[in-house]
Amino acid sequence: MLQLLYRSCGLLLLLTGPALASAINTSSGWNMPPGVTDISREIYSLHMIIFWICVAIAVVVFGVMFWSLFVYRKSKGAKPAHFHENTTVEVIWTAIPLAILVIMAIPATATLKKIYDASDAEIDILVTGYQWRWHYQYLDQDISFFSNLGTPRSQILGEEDKGDFYLLEVDNPLVLPVGKKVRFLFTSNDVIHAWWVPDLAIKKDTIPGFINESWTIINEPGTYRGQCAELCGQDHAYMPIEVRAVTEEVWLSWLDEQRETAAAEAASGEREWTLAELNERGAGVYTTYCAACHQADGSGMPPAFPALRGNPVMTSAEGRDKHINAVLFGRPGTSMPGYGTTLSVNDLAAVITYERNAWGNDTGDAVQPSEIRALLDR
Amino acid sequence: MLRALQAVLAAFFGVQSERNRQRDFQQSSPWPYILAGLFMAGVFVVLVLLVARWAAAS
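Sequences listed follow chains A and B, in order.
Counting in our numbering, the first sequence runs from 173 upward without gaps.
Counting in our numbering, the second sequence runs from 270 upward without gaps.
These aren't lab readings, by the way, just hints derived from the structure by calculation.
Predicted, not measured: the structure shown is a model, and the values here were computed from it.
Among the hints, a few may not be true.
Stated by the list, open to error - Derived lysine to any residue pairs resembling SDA-like cross-links, with alpha carbons at most 25 Å apart:
{"#": "1", "chain 1": "A", "residue 1": "Lys285", "chain 2": "B", "residue 2": "Phe294"}
{"#": "2", "chain 1": "A", "residue 1": "Lys353", "chain 2": "A", "residue 2": "Trp368"}
{"#": "3", "chain 1": "A", "residue 1": "Lys285", "chain 2": "B", "residue 2": "Arg322"}
{"#": "4", "chain 1": "A", "residue 1": "Lys286", "chain 2": "B", "residue 2": "Ala326"}
{"#": "5", "chain 1": "A", "residue 1": "Lys285", "chain 2": "A", "residue 2": "Arg355"}
{"#": "6", "chain 1": "A", "residue 1": "Lys286", "chain 2": "B", "residue 2": "Ser286"}
{"#": "7", "chain 1": "A", "residue 1": "Lys285", "chain 2": "B", "residue 2": "Ala324"}
{"#": "8", "chain 1": "A", "residue 1": "Lys375", "chain 2": "B", "residue 2": "Ala325"}
To be verified - Here's a subset of chain B near chain A, in silico, CB distances under 10 Å, partners left out:
{"#": "9", "residue": "Val284"}
{"#": "10", "residue": "Gln285"}
{"#": "11", "residue": "Arg322"}
{"#": "12", "residue": "Ala324"}
Said to hold, decoys possible - Label-pair distances were calculated between CB atoms; the ranges are:
{"#": "13", "chain 1": "B", "residue 1": "Trp323", "chain 2": "A", "residue 2": "Met220", "range": "49 to 57 Å"}
{"#": "14", "chain 1": "A", "residue 1": "Pro380", "chain 2": "B", "residue 2": "Gln291", "range": "53 to 61 Å"}
{"#": "15", "chain 1": "A", "residue 1": "Cys226", "chain 2": "B", "residue 2": "Val312", "range": "28 to 36 Å"}
{"#": "16", "chain 1": "B", "residue 1": "Val317", "chain 2": "A", "residue 2": "Phe337", "range": "27 to 35 Å"}
{"#": "17", "chain 1": "B", "residue 1": "Leu316", "chain 2": "A", "residue 2": "Glu429", "range": "30 to 38 Å"}
{"#": "18", "chain 1": "A", "residue 1": "Ala253", "chain 2": "B", "residue 2": "Gln291", "range": "17 to 25 Å"}
C-beta: ideal position from N, C-alpha, C; glycine also.
Just chain B, with the same shape it has in the complex (with noise of 0.2 Å):
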C-alpha cells in the first residue's frame, strides 16, 4: 500500500524512475494503485479547497 501511494505522488508530480516503474508493474493486482489514486486525489481537493480558505481569510 505504501508502495502504491509513493507511486501516485510520482505520478502526481509528474516524475517516476525506471526502477520503480519496474517494480510497480511487476505487481498482481492493479486495485492497490487505483484506490491509492482516487484516495490521494481526494486528498489534493481538499488541499486546495483549504489553501483557497486560508487564501481567502488572510
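The shape of chain A in the complex, shown without the other chains (with noise of 0.2 Å):
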C-alpha cells in the first residue's frame, strides 16, 4: 500500500515538475516578465519570494493533511477524537499567518515606497486615455501626438496573415531615452483607460478629471509593448502601447525630427492642396479614425453608424457644411463625437474630402485646411 503512495507521489511528480518548472522560466510566458527597470526586477523577484512562501505553505498543510488521511485511515483501525476548541492550537494557526504576513509586508513596504518617489524626473510626460488611442504630450519638448493602432484591418478582419505584433504596434511609438528617469502623468478625455507597459511594471488607470503619477528609468534599449487594461469600449483591443527605448543621442534627434515635421506641417496648412493630395491623405486618416465604425468601405453599421457612402450629405453640395460641422464638432446625441481638437487641420480637410470623393460619392469635393482653420477659430 505504502508502495503504492510513493508510485502515484512519484508519477505527480513527474508530471508537474517539468511544467513546473518551465512555467517558472520566464521566457515561456506563463509567469511575469522581470522587466527592464530596477522597479521591475524588484516586484518580480517579491513575486518570486511570496511564490515560494506559497508553494512552501502548500507542502506543509497538504503534506500533513494527506500524510494525516493515510496513516490514520479508518480500516487500520484509527479512532477520531472528540474534543471541542483547543486555545493554544488556535492561537498558533493564527499567529503563524500574521507573521508571514508581516514579514511579506516588509520587502513590499520598501519598493512600495521607491514606486511612488516620482521627485527628480528629468523628462515629465503626459498620457491622456482616448476611445480608442492613446496621446503622449512631451511637457517639456513642446511634442506632443497620437498613438494610433498600427495593425492594417485586413489582418483584423481575417483577410491578410497576422503580423509578429498583431494588434501591439502602433504607428506613432512612444520614444523614451534609456538610463534617464521619466514621470508619467496619466489622465482621460473620455472614459477610464489603463496604462499598461508589463516590461516596465507600470499599470495605472487614466481617469478623466484625474491625475495619476508614475516613473521609470529603462535599463536596457529595446521596444516594449503593452494595452490598455481597463475595458473602455468597442475598439478597447485596438489601442496598444509601444514604447521605444532608444539612448540619448538617438531620442535627442528624434526629438528634433518631430519639431521639424510639426513644422512642416503647421507650414503646409496655410497653402491650397489638390483633390488629389487630400484624398490620398484623407484614405489614411479614414482607416484609423472613421473605418472602425462606418467601415473600410463606408457601407456604416445602420441604424447606429449610419453608411457615407452614398449618404446625400456626403454627395450633395447642399450637405456640405453640414457634413464639415458633423466631423469638426460631432453630432450631440449621438456617438459621433468631434474631431476638431483630436486631429490637424490637414488631416480634418483630408478626411472630409476623400469622404466627398470615394465609393462613388465622387463631388469632386476640395475641402481646404485653410477652411478648416477658419471655422475652427470662429
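Take the two lone chains and join them into the complex the hints point to.
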C-alpha cells in the first residue's frame, strides 16, 4: 500500500515537475516578465519570494493533511478524537499567518515606497487615454502626438495573415531615452482606460478629471509593448502601447525630427492642396479614425453608425456644411465625436474630402485646410 | 476593567477560550466592554498611523 503511495507521488512529481519548472522560467510566457527597469526586477523578485512562500505553505499544509489521511485511516483502526476547542492550537494557527504576512509586508513596503517616489524626474510626459488611442505630450519638449493602432484592418478582418505584433503595434510609438528618469502623468479624455506596459512594471488607470502619476528609468534599449487594461468600449483591444527605448543621442535627434515634422505640418496648413493630395491623405486618416464604425467601404453599421457611401450629406453640395460640422464638432446625442480638437486641420480637410469623393460619392469637392482653420478659430 | 481589556484584545486577535467567554457573559453591564472596545480601536488606529509614519520616514 505504501509502495502505491510512493509510486503515485512520484508520478505526480514527474507530471507536474517539468510543467512547474517551465512555468517559472520567464521565457515561457506563463510567469510575469522580470522587465527592464530596477523597479520591475524588484517587483519580479518580490513576486517570486511570495510564490515560493506559498509553495512552502502548500507543501506543509497538504503534506500534513495527506499524511494524516493516509496513516490514520479507518481501515487501520483509527479512532477519531472528540474534543471541542483548543485555545493553544487556535493561537498558533492565527499567529503563524500573521507573522508570515508581516514578513512579506516588509520588503513589499520598501518597494512600494520607491514606486511612489516620482521626484527629480528629467522628462515629464502627459499620457491621455482616448477612445481608442493614446495621446502623448512631452511637457518640456513641446511635442505631442496621437499613437494609433498600427495593425492593418485587413489582418483584423482575416483577409491577410496576422503579423508578429498583431494588435501590439502603433503608428507613432512613445520614444524614451534609456537611463533617464521619466515621470508619467496619466489622465483620460473620455472614459477610464489603463496604461499597462509589463516590461516597465507600470499599470495605471487613466481617469477623466484625475491625474495619476508614475515613473520609470529604462535600463536597456528596446521596444516594449503593452495594452489598455481597463475595458473602455468597442475598440478596447485596438489601442496598444509601444514604447521605444533608445540611447540619448538617438532620442535627441528624434526630438529634432518631431519638431521639424510639426513645423512642416503647420506650414502646409496654409497652402492650397490638390484634390488628389487630399484624397490620398484622407484615405489613411479614414482608416485610422473612421473605419471602425463607418467601415472601410463606407457602408456603416446602420442604424447606430450611418452609411457614408451614397449618403446625401456626402453627395450633395447642400450637405457640405453639415458634413464638415459633424466631423469637426460631432453629432450630439449620437456616438459621433467631434474631431476638431483631436486631428490637425490637414487631416480634417483630407478626411472630409475623402468621404465626399470615395466609394462613388464623386462630388469633386476639395475641402482646404485653411477653410477648416477658419471654422475652428471662429 | 482589566478583564474587559483582556476580552477586547482576545477579540482583536480572534481567539478566546470558552472559560473566559463564560466569565465575560456573567458580568452585569456591557459598558466596560463597549468602552474598552472603542478605546482599543482608537489605540489601534494610532498604532497603525505611527507604524506607517515610521515606515515612510525610514
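A quick look at each hint next to the structure:
Between the alpha carbons of lysine 285(A) and phenylalanine 294(B) the distance comes to roughly 46 Å, so the proposed pair goes past 25 Å and is violated. At most 25 Å may separate the alpha-carbon atoms for a hinted pair to count; lysine 353(A) and tryptophan 368(A) meet this at roughly 18 Å. Using a Cα cut-off of 25 Å, the hinted pair lysine 285(A) and arginine 322(B) holds, with the two alpha carbons roughly 12 Å apart. A threshold of 25 Å between alpha carbons decides the hint, and for lysine 286(A) with alanine 326(B) the separation of about 12 Å falls inside it, so the pair holds.
Taken as a hint, the lysine 285(A) and arginine 355(A) pair is honoured in the structure, with Cα atoms around 15 Å apart against an allowance of 25 Å. With a CA separation close to 43 Å, the supplied pair lysine 286(A) and serine 286(B) exceeds the 25 Å bound. For the proposed pair lysine 285(A) and alanine 324(B), the alpha carbon gap of about 9 Å is at most 25 Å, so the pair holds. Of the pairs offered as hints, the one joining lysine 375(A) and alanine 325(B) holds, with about 23 Å between alpha carbons and a cut-off of 25 Å not exceeded.
Taking 10 Å as the C-beta contact cut-off toward chain A, the hint placing valine 284(B) at the interface holds, the least distance being around 4 Å. For glutamine 285(B), the shortest C-beta to C-beta distance to chain A is roughly 8 Å, which falls under 10 Å, so the interface hint holds. With its C-beta approaching chain A no nearer than about 13 Å, arginine 322(B) sits outside the 10 Å limit, and its interface hint is violated. Because the smallest distance between the Cβ of alanine 324(B) and any Cβ of chain A comes to about 5 Å, under 10 Å, the interface hint for this residue holds.
The hint said 49 to 57 Å for the Cβ distance between tryptophan 323(B) and methionine 220(A), and at roughly 27 Å that hint is violated. The hinted range of 53 to 61 Å is satisfied by proline 380(A) and glutamine 291(B), whose Cβ atoms lie roughly 58 Å apart. For cysteine 226(A) and valine 312(B), the Cβ-Cβ distance of about 32 Å falls inside the hinted range of 28 to 36 Å, so the restraint holds. The hinted window of 27 to 35 Å between valine 317(B) and phenylalanine 337(A) is violated, with their beta carbons roughly 46 Å apart.
As the Cβ distance of leucine 316(B) to glutamate 429(A) is approximately 57 Å, the hint placing it in 30 to 38 Å is violated. Roughly 23 Å separates the CB atoms of alanine 253(A) and glutamine 291(B), a value that falls within the hinted 17 to 25 Å.
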